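The whole structure should be built from the sequences, with the hints applied where relevant.
252 is the number that the numbering used here gives the last residue of the sequence shown; the numbers go up by one with no jumps.
If you're looking for bench data, these hints aren't it; they were derived computationally from the structure.
Because the structure is a prediction, the values reported are computed rather than measured.
Check each hint, because a few of them may be wrong.
[Claimed, not checked] Derived DEER-like restraints, expressed as beta-carbon distance ranges:
| # | residue 1 | residue 2 | range |
| --- | --- | --- | --- |
| 1 | Gly208 | Gln110 | 35 to 45 angstroms |
| 2 | Leu20 | Arg133 | 14 to 24 angstroms |
| 3 | Gln106 | Pro51 | 35 to 45 angstroms |
The beta-carbon is built from N, C-alpha and C at its ideal position, and this holds for glycine as well.
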Amino acid sequence: MPELPSEKRVLVPTKRGELLRGARDTLPLVVGAVPFGIIFGALAIGAGLSPMATQAMSLFVFAGSAQFVAAGLLSQSAGVAIIVLTTFIVNLRHALYSASLAPYVQNLSQRWLLPLGFWLTDETFAIAIKRYRDADASPHKHWYYLGSAVLMYVNWQICTLIGIVAGQQLQGLADLGLEIAMVVSFVGIVVPMLISKPMVACALSAGGVAALLHSLPHQLGLMVGSVVGVLVGYLLTKRMGDNNLPAADVSS
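In structure tokens:
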């Protein structure tokens, strides 16, 4: 009697494997963040922050766009309330990120949730949500998230330090236009995620409004554009969902 073929074994990724894979998949995005971090360090020094305060902002705030906004407002002698409110609004997108990730991390302990929440960035969200949506049943996907997050955090600290040193030694570093690398990086993050009409409409409306209102102070144009984009995406998603509902049976 011929032997039956052996059942194909499914290899489950290890914790270490997920950790290293998360870091590896984040490397292309780190390239875009390098000049951004260096420019922040130089800009903060130019705005009057001490080297220690600049590095501490990266260590304990760790929010690139909010750090830029805060440094700019500090250079304009803005009040504490304005700085807190503005950076809060700029970072509101993280609430949307958290809502998207919540179903995948809801069973993790606070020991995991606290650092993962603190280390959440645009780049890490983009690759972590893709990994969570993969069809495999790996129980260690949060290690993938951790690998991406830690690499982004360490990179940001090193780049901030380089920017601090460069800002003290070189003049006009922030005027070289190196931040274009971060723009390209964000384009690379956003475009692959535009897989439906609501997502495309959200991106186009947010970008259009932000461009039209670019001249508003304190990055208000960006904030308004973000709100408009979310509303457009939500309304279009709701409308398409309603249109896909089965028609009511009126024969009875």
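Quiz item: Looking back at the numbered hints, which does the structure fail to meet, lowest number first?
Solution: none
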